[in-house]
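Hey, can you work out the whole structure from these sequences and the hints?
There are 2 protein chains.
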Amino acid sequence: MEELVGLREGSSGNPVTLRELWGPCPQIRRGIRGGLQWLKQKLFRVGEDWYFLMTLGVLMALISYAMSFAVDRVAGAHNWLYREIGDSHLLRYLSWIMYPMALLSFSSGFSQSITPFSGGSGVPELKVILSGVVLEDYLDIKNFGAKVVGLTCTLASGSTVFLGKVGPFVHLSVMMAAYLGRVRAKAIGESENKSKRNEMLVAGAAVGVATVFAAPFSGVLFSIEVMSSHFSVWDYWRGFFATTCGAFMFRLLAVFSSEQETITSLFKTSFRVDVPFDLPEIFFFVVLGAICGIVSCAYLFCQRVFLGFVKNNPIISKMMATSKPLCSALAALILASITYPPGLGRFMASRLSMNELLNSLLDNNSWALMTRNSSPPWPAEPDPQNLWFEWCHPQFTVLGTLSFFLVMKFWMLILATTIPIPAGYFLPIFIFGAAIGRLIGEVLSVAFPEGIVAGGATNPIMPGGYALAGAAAFSGAVTHSISTALLAFEMTGQIVHALPVLMAVLAANAIAQSCQPSFYDGTIIVKKLPYLPWIRGRHINSHGVIVGHFMNCTITTLAKDTPLEEVVKVVTSTDMPEFPLVESTESQILVGVVRRPHLVQALQAEPPSWAPGRQWCLQDVLAGGCPVEPVTLKLSPETSLHQAHHLLELLNLQSLFVTSQGRAVGSVSWVELEKAISNITNPPTPK
Amino acid sequence: MEELVGLREGSSGNPVTLRELWGPCPQIRRGIRGGLQWLKQKLFRVGEDWYFLMTLGVLMALISYAMSFAVDRVAGAHNWLYREIGDSHLLRYLSWIMYPMALLSFSSGFSQSITPFSGGSGVPELKVILSGVVLEDYLDIKNFGAKVVGLTCTLASGSTVFLGKVGPFVHLSVMMAAYLGRVRAKAIGESENKSKRNEMLVAGAAVGVATVFAAPFSGVLFSIEVMSSHFSVWDYWRGFFATTCGAFMFRLLAVFSSEQETITSLFKTSFRVDVPFDLPEIFFFVVLGAICGIVSCAYLFCQRVFLGFVKNNPIISKMMATSKPLCSALAALILASITYPPGLGRFMASRLSMNELLNSLLDNNSWALMTRNSSPPWPAEPDPQNLWFEWCHPQFTVLGTLSFFLVMKFWMLILATTIPIPAGYFLPIFIFGAAIGRLIGEVLSVAFPEGIVAGGATNPIMPGGYALAGAAAFSGAVTHSISTALLAFEMTGQIVHALPVLMAVLAANAIAQSCQPSFYDGTIIVKKLPYLPWIRGRHINSHGVIVGHFMNCTITTLAKDTPLEEVVKVVTSTDMPEFPLVESTESQILVGVVRRPHLVQALQAEPPSWAPGRQWCLQDVLAGGCPVEPVTLKLSPETSLHQAHHLLELLNLQSLFVTSQGRAVGSVSWVELEKAISNITNPPTPK
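Sequences listed follow chains A and B, in order.
Numbering of the first sequence is given in full-length UniProt numbering, commencing with residue 1 and proceeding in unit increments.
Numbering of the second sequence is given in full-length UniProt numbering, commencing with residue 1 and proceeding in unit increments.
Mixed in with the good hints, there may be bad ones.
Intra- or inter-copy, both count: the list cannot distinguish identical chains.
[Said to hold, decoys possible] With a straight-line cut-off of 30 Å between C-alpha atoms, the simulated DSSO-like cross-links for lysine-lysine are:
| hint | residue 1 | residue 2 |
| --- | --- | --- |
| 1 | Lys311 | Lys194 |
| 2 | Lys268 | Lys560 |
| 3 | Lys318 | Lys675 |
| 4 | Lys196 | Lys569 |
| 5 | Lys311 | Lys528 |
| 6 | Lys311 | Lys186 |
| 7 | Lys196 | Lys40 |
| 8 | Lys311 | Lys40 |
| 9 | Lys40 | Lys569 |
| 10 | Lys194 | Lys675 |
| 11 | Lys569 | Lys142 |
| 12 | Lys268 | Lys527 |
| 13 | Lys675 | Lys142 |
| 14 | Lys40 | Lys409 |
| 15 | Lys268 | Lys528 |
If you're looking for bench data, these hints aren't it; they were derived computationally from the structure.
Here you go:
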């Protein structure tokens, strides 16, 4: 009977083989086979996002690890050379400056020769791209190699040029995401979709941060805060998946290469956990946050002014345009000469690499208290167990070296920011903040050597905690983001300072956000990239403003009955990329949009047939095959400013048409919104 | 000369007093006064959001702390009574069951008599409110007291009923936020704005979570994940500010009441930090995540079925409607009888409170290994230093008690969920997950007593780490959120398991999200609340669907020239809340929207003047003062499904009109979207 059922079912579906028919338990086997089929279908669907997200994470982790590996080797060779070259000061000096000069000029020359977009961090441009603007070729996979090589060279020059990895790596990761997205679209034979593409890019940005710091949580959050102003929980989940794959792979490689015993955080700290800080210290943490906020304002201001100066000064900008490698080498010469260890570098721990700098600053002992009586001798080379010896100087004291470091790195970092090489600016800012925090922590530990709450068990102040808070607060203030606090915890593997660090970050952000645009926004402004401004402070009276108040009323419409001569005149006299098409000159009912290239093509096609005998009009051109695109979304003059802003922001649009009773009455673009927003915050003085 | 300047300036502004004029350095003093004035103006602006956010955080922290304090005292009294009542089993049993029965029936009766919305967690309703639906009176501050008292009683009955605090507390916090928002609007003399109000509610939800767990980060993230599908970075920053104030205040009170020496996390753990887990253990963490995902599917399914059964069974639902306190008391009787410590409670650590349960499960020693040879004796009362003794049983072993706990609590929790009292379901789920993790951790520690990577320094398996991962994974799967991982870290103050926990949460979510709606969505479905479905899995072919395919084409429009009789007929025959108004029956150009009440009022007003001599039409009614509201946003038939979904979601709208060339051709609401989405995922079989 069972066999019969099997036969009947088989005959309607797949043909039943004899073996199958006579084998034991055909039904169970069929069931298992069906289950496997279902599982296979569930798991191995081509075009399924998850595979691409995983591939993205794993690939970027491999690249990130390979890059770190190469950088370590090159930096190791530099250290070896410097150590072994003998005691001649000239030779040592030459060996110290030669490396960064060579690396930077190669980095600059090589990457710039392949792609003009390789300079800087790339984050500002990504922010613009994610808000919907198309920057041609910026995400082309062809530039991938150039950026990887350039970035590796930059990083290999170490703490001398004091630059990081995050920004360009985010750019690399987004490039890869865009490429994988195209591959995916091709694999499933579908034209690329804009919103799908954006989803991939957002995940790419998150992976970029996560694979540099092995921080899946803050990778997602930081990239969202920095890149966008809105996000969907859906993107956030996808981001988590991709960043977890990336961070896991990145740390796994460290385990496999025997660097680590198991998967841990990148900059492990060992803060006291039972009483990490006394309650009154919270006050000093907030003060530290405020100081970081003020310093960040000064930094952002100087950075923007200097960047503008370099851009606008005719001599420098000409030099930058024609001989970038030379400029880079010059800047490297200045930076390397200052950090020469037996010279000024002695006072700013210049022998430590970027990672060692951060590791040393997060040390949980108070250096000022430990060196109160005697300073440790300056070792011949940095001692990996006691990196902080580099910060000690018998006369200058720890406080002196930290202050000197801060003063010098302030302008050196600004100088380094203008070098046209692929380089990230997050890690230097993070370290700078850690140094601010360390300085304040050391001062406090000198002021309260017994801890603040005396009596009972004394808990001495840990300057490392302040360094952590300072790093998070300063980097948060410069980038206008709060998730740097979480990043600090994920990087150090300890979360005992959760509340004080968060409060410091909030204080720093409150000051920085009310005084200066963020580092990335500042770059966007200097580079004159298009950008949609915030409705700052969400002014109360902004809720009453409607589109009718500020829309662009003087739009050029083309009616179906417009005579051809006039159409030609309009097309030649303006450079609008698209024209709103209306039903007739009289009714002005919005029908759709005609793109300029299509219209020009249609106008140029077969002009002879348009004999002068009749009044030809646009209608005829459209009938001739010029495509009209629909307008998917229309505003009213009564739409509020907030709604319009939301819409442009969320849907990544640059402009929207305004219709009233079907008539096209105006348009709203970023320009109009910017004007309207600036009118709210700085109301125009009535004349 | 200086005096003169001062005089001149003074005379134009404030009158200059003699003292001021003759005092030293008038300019400097004026400068200082100006600076203070500016600071005052900056800081003390009425209606400034920050004050309200801070007030919200601090107030909710005070309430949360006061509630915990009261609950501790009541539970302490219960324990004292149970301990002191003597050895008679009957008396002990009565004292054990009396408390929860009395508390639950009071909680149910008191809160239900004041407000009918007080049952359950409130999170599903908040989710609906935040998506733009108006649920009348749900956020009325009048119900605040009822919910506070009811929740306190529920919590005081402890682990017997096994319910938590989060959900109702989020509801309370949102109530408070809505109230403060109204106060703010009144203070600055402005009518309340919808988008402003929503901003406050979102912050309120975050504060609710943060002040229960003292977890500012995950408070924000969890509330976002659970409540909304989109959010703006702006809301996220405001959330952080409010939650930080709340969490800080909450922990500060614990320090002031000498519970804690300094500000620390709520459930402090002491996991080994140098090698928290061996690399191969990652695999078991992922397996644990998968198990949690499967169990969560079973739980969600049973929970929804049982809730539906209670709602639809005529006898039970009648009893629930008429005598809620009796139902609650009955349920409490069942739950308390089962957890009676000398009875079955012996096998499920029922003498521990909710917090003690969680604390004991996160213990970093392996109980199975420690009790291999001999079990510790059952103490007369739980030992605060060795809470885990409660889990030990000489014959049953630790594995037995943990399994028994899981099996019993599975259905007991489902039963508890249906009791009509204000109660949260997050903490029980979190503890349940921790028990799953603990069980698997203990099994692993028995299987690999020397740790997994043998040789060298052995790192024994810490079942506490698995408990942490299990808690995060199970609660994440039930609520469909990933930030429970972060919550676990913030609650325990350790982040050493970052990657394994995150991977477990992702695995659990992958399974749960593909099989079952979340706990909150399930409740929304059972309660038949309106809700906008997700575009699940973001199906590839969903990108091609446009509004024209699924919009509601049969909309009833009112034209300006519609005769009055017909208008009356339309109004009486349908119950639409608003009617689209078009220019004329022929043109169908959309002009605006007429609200039903306005129209009815206008139609009823002065009918005598509408003499029969002329054909009166709608135009006359409108001219008579019936207000027409503008349509601020119009779709086209060519708008994509994704765009329409985005718009309704982001702008918290329930429906949008579709116009084509100005003509009203249809409308899109949640109903149409739901149909379109279900058609994508389950394409209709062609007939």
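Going through the hints against the structure:
1. Lys311 <-> Lys194: neither (34 Å within a copy, 45 Å between copies)
2. Lys268 <-> Lys560: neither (69 Å within a copy, 73 Å between copies)
3. Lys318 <-> Lys675: neither (33 Å within a copy, 62 Å between copies)
4. Lys196 <-> Lys569: Neither: 39 Å inside a copy, 47 Å across copies.
5. Lys311 <-> Lys528: For Lys311 and Lys528, only the intra-copy Cα distance (11 Å) is at most 30 Å; the inter-copy one is 61 Å.
6. Lys311 <-> Lys186: So Lys311 and Lys186 fail the 30 Å test inside a copy (41 Å) and across (50 Å) alike.
7. Lys196 <-> Lys40: For Lys196 and Lys40, the Cα distance is within 30 Å only inside one copy (24 Å; across copies 49 Å).
8. Lys311 <-> Lys40: neither (57 Å within a copy, 39 Å between copies)
9. Lys40 <-> Lys569: Close neither inside one copy (61 Å) nor across copies (58 Å); limit 30 Å.
10. Lys194 <-> Lys675: both (28 Å within a copy, 24 Å between copies)
11. Lys569 <-> Lys142: neither (41 Å within a copy, 67 Å between copies)
12. Lys268 <-> Lys527: Result: close neither inside a copy nor across copies, 38 Å intra and 49 Å inter.
13. Lys675 <-> Lys142: Neither, since 38 Å and 44 Å both go past 30 Å.
14. Lys40 <-> Lys409: Answer is neither; intra-copy 56 Å and inter-copy 35 Å both fail.
15. Lys268 <-> Lys528: neither (41 Å within a copy, 50 Å between copies)
Hints 1, 2, 3, 4, 6, 8, 9, 11, 12, 13, 14, 15 from the list above are not met by this structure, while the remaining hints are.
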